[in-house]
Amino acid sequence: MKQDLLALTLATAVAGLIAAPAFAVELIISGSTTVQKRIVEPGAVKLKEVTGIDAKFQGVGTGKGMMALADGKVTVAAASETLAEAIDSAKKQAADAGATFTAPADLKFYELARDSIVVIVHKDNPVASLSKEQLKAIHTGKAKNWKDVGGPDLPVKVVTSHAGSATRNVFAKQMMDGADYVGDAVEVRTTREEINEVSKDKGAIGAVSGGFFAQNRGNAKTVKAPQISRPLGLITKGDASPDVQKVVEFFTKGPGKELIQ
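Numbering (the working numbering), first residue to last: 3 to 263.
Treat the hints with care, since some could be wrong.
In the DSBU-like style, the derived pairs of lysine-lysine whose C-alpha atoms are separated by at most 30 angstroms in a straight line are [as the list claims (entries may be wrong)]:
#, residue 1, residue 2
1, 58, 226
2, 110, 75
3, 125, 175
4, 223, 202
5, 223, 239
6, 94, 48
7, 146, 110
8, 202, 50
9, 226, 94
10, 175, 134
11, 125, 93
12, 110, 204
13, 93, 149
14, 75, 204
15, 175, 48
16, 255, 48
17, 146, 204
18, 223, 134
19, 239, 50
20, 110, 125
Hints are computed from structural coordinates only; laboratory data are not their basis.
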């Protein structure tokens, strides 16, 4: 009888341990909405299950994420460009707000995946391809009508993200040689908003994450353009904490690698 009671007690205790919810450590990540939608959010549930890390994302753009990291508001930022470019995005974001940004000397970048930027137009726009020269002319305002680049007689509407956006920064650097966007360009906050804006205007053009667009096309389509590639990753001041290191390993070596959109 005593042995049966002991066995029952042990079984109950083990069952209780198994059923008990695991203690989750909250980790706030601030920055690129591309990293948010392509990587962190698709893998968040599995990440918590495997590592106990409950990732909370502040999708504010690379520039603002870098500023939050430098100010000590978060311990990790997300960027959809190289470290040097992310610093540049932070400087542009700060300047846009009438401030300055000084990058910490010990920043470290951890690449999680690669991404491409695709050029999108309304699905009814017959233009099928654009060269770098044509893209630069369109986005700087030199080409104001689609007929200037072999398209229909229709005014061009340039849509882009905000000043601290990594996607905007990378596109301007690689396709526009760092030139300024046309003054009447429509600025949006997120990739989703950019696709929506292009989807409702036959003269609109934008440049967004290829991975995100594949899942959220709306009424837009891609046009053939020069390849634009960039890294997606996390940035820390100094070495990554154990929790951040778990996140990096989960997405680069663990089950999260298969969940990246």
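To see whether the hints hold, each was checked on the structure:
no.	hint	result
1	58 x 226	36 angstroms, violated
2	110 x 75	17 angstroms, holds
3	125 x 175	26 angstroms, holds
4	223 x 202	12 angstroms, holds
5	223 x 239	39 angstroms, violated
6	94 x 48	35 angstroms, violated
7	146 x 110	41 angstroms, violated
8	202 x 50	38 angstroms, violated
9	226 x 94	29 angstroms, holds
10	175 x 134	11 angstroms, holds
11	125 x 93	35 angstroms, violated
12	110 x 204	42 angstroms, violated
13	93 x 149	36 angstroms, violated
14	75 x 204	41 angstroms, violated
15	175 x 48	36 angstroms, violated
16	255 x 48	14 angstroms, holds
17	146 x 204	14 angstroms, holds
18	223 x 134	18 angstroms, holds
19	239 x 50	23 angstroms, holds
20	110 x 125	40 angstroms, violated
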